[in-house]
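Asker: Going line by line, the protein sequences match chains G and A. Counted the way the numbering used here counts, the first sequence spans residues 1 to 110. Counted the way the numbering used here counts, the second sequence spans residues 1 to 113.
The list that follows gives simulated cross-link-like pairs (lysine-lysine, DSS-like), each with its CA atoms no further than 30 Å apart: (1) A:K36 x G:K71; (2) G:K53 x A:K100; (3) G:K53 x G:K13; (4) A:K36 x G:K3; (5) G:K70 x G:K55; (6) A:K70 x G:K57; (7) G:K55 x A:K100; (8) A:K100 x G:K57; (9) A:K36 x G:K55; (10) A:K100 x G:K3.
Hints were generated in silico from the structure; no laboratory data involved. Here the structure is a predicted model, which is why all the values come from computation and not from measurement.
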Amino acid sequence: DVKVTQSSRYLVKRTGEKVFLECVQDMDHENMFWYRQDPGLGLRLIYFSYDVKMKEKGDIPEGYSVSREKKERFSLILESASTNQTSMYLCASSPGSAEYFGPGTRLTVT
Amino acid sequence: GQQLNQSPQSMFIQEGEDVSMNCTSSSIFNTWLWYKQEPGEGPVLLIALYKAGELTSNGRLTAQFGITRKDSFLNISASIPSDVGIYFCAGPPHPYNTDKLIFGTGTRLQVFP
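If we strip away everything but chain G, and leave its shape as in the complex, we get:
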């Protein structure tokens, strides 16, 4: 079974803090993705990566950065958290076509 894990299920951070969300997959997938999910807006792609040290912007990259130093790990970074970044964050990995999701991190920025 594909396993995608995210470092935290729930996080509460203050405005202006630097936030790291970690994602690890154990299936040697080339592709990894970060989404955020908000009511009424569906899943929106923030960043994705096709390979180690490679990253590409998704549809809403502003305010975020990513890091992929190892194939199995893809990190999402909020340089200075803001209240409009309160959301459910979902990581996914894929060998191509189907994506496999982690359980999500619900981030609240106060």
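Please build the complex by placing chain A on the supplied structure of chain G, with the hints as guidance.
Answerer: Structure of chain A alone, referenced to chain G:
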């Protein structure tokens, strides 16, 4: 850009009833994926379809890849309370680049005992 429209947006049904939902696109897809998301969890892949006309089952779930390649259908037979969740269709927007997906807006299913 390409969009995936799902219908219905929500369904409220009695336990034991069958459920049908569909997903349509204005352009051709080469792959259709169906996911289920339960409250507070990440989406889980239910069924993947790779060929026009393909009919695939996973337990009580059956999905079909439409002949026109612009639609897909998901049926759930004899629904039970644990079928509650949001069902998403998804597919790669580019025929020769299957690495990124676009997602439908979701069908929210509520099952009453």
